[in-house]
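Input sequences plus hints: build the corresponding full structure.
So the protein lines, in turn, are chains L and D.
So in the working numbering, spot 46 of the first sequence is number 46, and the numbers just go up one at a time.
So in the working numbering, spot 66 of the second sequence is number 66, and the numbers just go up one at a time.
Derived from the structure by calculation, the hints contain no laboratory data.
Even for Gly, the Cβ is constructed at its ideal location relative to N, Cα and C.
Treat the hints loosely; a few may be bogus.
To be verified - A few chain L residues that face chain D, going by a derived Cβ cut-off under 8 Å, partial list only:
1. Gln38
2. Arg71
3. Asn72
4. Pro75
Said to hold, decoys possible - Pairwise CB distance ranges (calculated):
5. D:Asp188 - L:Arg113: 16 to 22 Å
6. D:Leu75 - L:Pro200: 37 to 43 Å
7. D:Tyr122 - L:Gln27: 57 to 63 Å
8. L:Asp158 - D:Val42: 47 to 53 Å
9. L:Gln27 - D:Val205: 33 to 39 Å
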Amino acid sequence: MKALISKIIYFAAVMTALLISSGASAQVVRVAVAANLQPVIKVLQQDFKKRTGITIEPVSAASGTLATQIRNGAPFDIFMSADTELPKALFKDGFAANAPVVYAQGILILCSRHKVSLKKWWEILLSDKVTRFAIANPAVAPYGKAAEAALKRQGVYDKLKSKMVVGESIGQVNTYISTDAVNAGFTTLAFFRENSSKIPLVGWTIPDNTYPPIEQGMILLKRAEDNAAAIKFYKYIFTAEAKKLIVKYGYHVL
Amino acid sequence: MDLTPIWLTLKLAGITTLVLLVAGLPLAWWLSGRRSFVKIIVEALITMPLVLPPSVLGFYLLLAFSPSKGLGKWLYQTFDVQFVFSFKGLVIASLIYSLPFMISPVKSALQQLPLSLSQASYTLGKSKWQTFWHVLLPNIKPSLFTAAVLTFAHTLGEFGVVLMIGGNIPGVTRVASIAVYDAVEQLDYTAANNYSLVLFAITFVMVTGVFIYNKYHAKSPLE
Numbered sequence: 001m002k003a004l005i006s007k008i009i010y011f012a013a014v015m016t017a018l019l020i021s022s023g024a025s026a027q028v029v030r031v032a033v034a035a036n037l038q039p040v041i042k043v044l045q046q047d048f049k050k051r052t053g054i055t056i057e058p059v060s061a062a063s064g065t066l067a068t069q070i071r072n073g074a075p076f077d078i079f080m081s082a083d084t085e086l087p088k089a090l091f092k093d094g095f096a097a098n099a100p101v102v103y104a105q106g107i108l109i110l111c112s113r114h115k116v117s118l119k120k121w122w123e124i125l126l127s128d129k130v131t132r133f134a135i136a137n138p139a140v141a142p143y144g145k146a147a148e149a150a151l152k153r154q155g156v157y158d159k160l161k162s163k164m165v166v167g168e169s170i171g172q173v174n175t176y177i178s179t180d181a182v183n184a185g186f187t188t189l190a191f192f193r194e195n196s197s198k199i200p201l202v203g204w205t206i207p208d209n210t211y212p213p214i215e216q217g218m219i220l221l222k223r224a225e226d227n228a229a230a231i232k233f234y235k236y237i238f239t240a241e242a243k244k245l246i247v248k249y250g251y252h253v254l
Numbered sequence: 001m002d003l004t005p006i007w008l009t010l011k012l013a014g015i016t017t018l019v020l021l022v023a024g025l026p027l028a029w030w031l032s033g034r035r036s037f038v039k040i041i042v043e044a045l046i047t048m049p050l051v052l053p054p055s056v057l058g059f060y061l062l063l064a065f066s067p068s069k070g071l072g073k074w075l076y077q078t079f080d081v082q083f084v085f086s087f088k089g090l091v092i093a094s095l096i097y098s099l100p101f102m103i104s105p106v107k108s109a110l111q112q113l114p115l116s117l118s119q120a121s122y123t124l125g126k127s128k129w130q131t132f133w134h135v136l137l138p139n140i141k142p143s144l145f146t147a148a149v150l151t152f153a154h155t156l157g158e159f160g161v162v163l164m165i166g167g168n169i170p171g172v173t174r175v176a177s178i179a180v181y182d183a184v185e186q187l188d189y190t191a192a193n194n195y196s197l198v199l200f201a202i203t204f205v206m207v208t209g210v211f212i213y214n215k216y217h218a219k220s221p222l223e
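Structure follows, in structure tokens:
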């Protein structure tokens with residue numbers, strides 16, 4: 001038993017040392033990115049690394065979730081939101097070093113794995129072919145909010161409510177669409193562009209004037225105020241090279 | 001495959017198991033003694049993570065440790081420690097989350113030991129602690145083994161609590177279960193499958209190991 005106890009103490013000491021040492025890892029820029037940016041952030045990250053040698057660590061979730069995490073002390077340097085309201089509120093409450101700047105404008109589409117011959121997006125949802133469709137949670141995901149607005153504007157929201165599956169973020173909606181768990185879903189043009197070569201996807205653009213513009217804002221967070229690498233990445237997003245990539249992946253830039 | 005999430009998971013489970021082995025055994029011993037109202041309440045609280053949704057535990061820990069108010073603010077301002085979105089926070093959460101897996105098997109094993117065992121030890125002049133370490137614990141080795149393995153395996157599967165108070169920070173709080181979730185969200189099913197297979201294999205080996213060990217050493221399979 002004595003041997004066992006000393007073994008336990010030895011392991012505990014080793015583990016404690018490891019636990020303490022884990023805090024001192026190399027400096028990387030941690031970017032909280034809205035789930036809709038997942039396809040494009042990977043290319044931006046690679047391009048930026050090639051140009052500057054700086055490593056970016058993207059963490060993605062629904063924008064609302066990320067904003068809550070930032071309020072509760074999450075160690076992010078930059079927040080790339082899917083809207084401007086959340087970063088604006090963070091700036092107002094002293095979490096950000098600057099007021100949000102719009103870096104991209106999102107394009108909402110309805111997407112399905114099934115070939116449907118109907119032309120109008122809402123007719124597809126109303127048809128018997130669609131028994132379930134997904135939208136991101138409007139409370140935390142701006143693309144969900146836009147989809148909800150478009151459905152209401154078209155006057156079909158109440159009729160379709162029973163077919164609606166609410167995903168926790170746009171990422172979850174994308175999972176539902178690609179695994180065929182739903183017949184259709186509201187997602188981003190970026191998702192369509194990224195995946196239509198791998199899986200058979202059909203997309204219908206939702207007219208811009210049926211939902212409030214999805215202006216995606218970015219802020220530098222307070223803790224990164226003096227972080228040169230973070231500032232460099234922030235500025236990079238507004239360069240012509242980065243803009244080209246953002247447009248290529250299905251966004252408008254201003 | 002990026003192995004960091006696997007390593008983080010094993011580290012978290014390892015630390016949790018070791019801390020609970022040291023702190024949980026005396027607690028199990030205390031609980032195994034004569035029943036009192038206080039003990040019933042304490043045991044109920046310890047057992048609750050078994051049935052409570054992990055998001056509830058995560059939510060309260062988030063409130064408690066948020067650096068903007070209360071205890072979390074005090075810890076942050078006084079000691080400059082922040083538990084939310086840090087590995088330390090995950091350790092604290094796991095200790096609570098996995099506590100019943102350490103306590104229950106040890107407690108029931110201690111209760112099943114004949115009373116005469118400790119009485120004989122006292123008669124021979126041994127103190128309470130000496131009796132505990134040298135007489136009682138060696139007699140419940142199979143249960144200790146089961147408790148440690150189950151605690152470890154259970155911590156591997158932690159998800160809800162981590163997502164709440166740990167988030168999804170690479171190299172810090174992105175444990176394997178979160179990495180699976182993240183990979184699925186990014187439609188990277190190859191990565192999701194790799195992480196899942198590793199977790200599946202580790203868990204399978206551990207749980208099977210417990211059953212095989214117990215087949216030869218214990219009286220009941222989950223002792």
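To see whether the hints hold, each was checked on the structure:
| no. | hint | in the structure |
| --- | --- | --- |
| 1 | Gln38 | holds (5 Å) |
| 2 | Arg71 | holds (7 Å) |
| 3 | Asn72 | holds (5 Å) |
| 4 | Pro75 | holds (6 Å) |
| 5 | D:Asp188 - L:Arg113: 16 to 22 Å | holds (18 Å) |
| 6 | D:Leu75 - L:Pro200: 37 to 43 Å | violated (53 Å) |
| 7 | D:Tyr122 - L:Gln27: 57 to 63 Å | holds (59 Å) |
| 8 | L:Asp158 - D:Val42: 47 to 53 Å | holds (51 Å) |
| 9 | L:Gln27 - D:Val205: 33 to 39 Å | holds (37 Å) |
Hint compliance for this structure: hint 6 is the single one not met.
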